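Undergrad: Residues per chain are reported as follows:
2 protein chains.
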Amino acid sequence: MNEGLLLIISGPSGSGKGTVVKKLIPSDDFALSISMTTRAPRVGEVDGVDYIFCTESEFAEIREGNGFLEHATFSGNFYGTPVSYVKEQIAGGKTVVLEIEVVGALQVKEKYPDAVLIFLMPPTFDELRSRLLERGTESDDEIERRTRRARDEMEELQKYDYLVINDDIDEALDDIRKIVRAEKLKPWRSSCRIQHFYGNNETNCI
Amino acid sequence: MNEGLLLIISGPSGSGKGTVVKKLIPSDDFALSISMTTRAPRVGEVDGVDYIFCTESEFAEIREGNGFLEHATFSGNFYGTPVSYVKEQIAGGKTVVLEIEVVGALQVKEKYPDAVLIFLMPPTFDELRSRLLERGTESDDEIERRTRRARDEMEELQKYDYLVINDDIDEALDDIRKIVRAEKLKPWRSSCRIQHFYGNNETNCI
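If you're matching them up, the sequences are chains A and B in order.
First residue of the first sequence? That's 1 in my numbering, and the numbers climb one at a time after it.
First residue of the second sequence? That's 1 in my numbering, and the numbers climb one at a time after it.
Extracted from the complex, chain A is given alone in its bound form (with noise of 0.2 Å):
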């Protein structure tokens, strides 16, 4: 088998990218990353599927041991990307989806250059702004400072890998799809299909 990958999407608020991860979990091809948490589980929540539970000592002990692609913590717990589980998929083959913002985002292409990173936009910055405004949620000022938090977003638009435009949500995800096919294919990630060739393994490579 082919190794996986981990693909990282991310993109200001308003890009859609929390109902494009939504879409593209449900296949055999995909997992969605799993973060680890120092908070108690709340009622329904299933270790090793909503997140891996942790102490405060186990979390420390991975974070200094430099075992998280990202953390950062919220309301005084600690939540973190351990890179153990995501290692763990890839070899299996999958794609790993990570959905972070922006800044995490960098951070984590930093410490993980394989990760293939994909900038999720709307088509206009006018659509970013009636997507804010629709959902009726945001104060007038917390919509102004979105929309130029995405401004400065848009900057690090170079960094990425890929931009994909969200106007159309299933050709959104037709492109993440080709994306995902085509950095398969290259051939740092070919080794089973190599392999294959000079009649070392019996498998089709996908």
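There could be a bad hint or two in this list.
[As the list claims (entries may be wrong)] Facing chain B, a subset of chain A residues (Cβ under 10 Å, in silico):
{"id": "1", "residue": "Phe119"}
{"id": "2", "residue": "Val164"}
{"id": "3", "residue": "Lys178"}
Calculated from the structure, these hints are not laboratory results.
As the structure is a computational prediction, the values presented were derived from the model and not from experiment.
Cβ coordinates follow ideal geometry from the N, Cα and C atoms, glycine included.
Based on the hints, put chain B in the right spot on chain A.
TA: Frame of chain A; chain B shown alone:
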């Protein structure tokens, strides 16, 4: 309109690159790279379609001005791929396809790093050998020479951008089209989409 790109299809003899290129070209998005030559036109050959015909002094001038992606001599005539034609087509949004053997492909990449290099190969080495045998046009010695050369060419694989297996030709074509789409989604090839985002143009960039 977004920029097109230069797509180089290469690989060992028996990889089927000629057939792949023939099936790829009849599309509005693709254009075959045209060679410039000092050879006289044959009956039916059209200047600017089959070849760009030129004099030896015209050829020499372009060569001295570093205006060829690659050039070679056959039977006393000069042949070269003019970079000007490729650039014009790319500016017009086309994917210019250049079918070329491995040594030439790597030379073009050196001269034109934006080129996208695809290494095409049969699923197995045995299949490569059978394809050469099936042709029935080459001597045993020639087949031996070509399989030996294929082994050498495989050594260059990691210098390529992508590896496409040509087992089922439709799957190979599908992979190549996905690569082209993914490459067009690179942020540095997306100036049209980015300008559109900021409201600086009306075009719906593809």
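Undergrad: Does the structure break any of the earlier hints, and which numbers would those be?
TA: none
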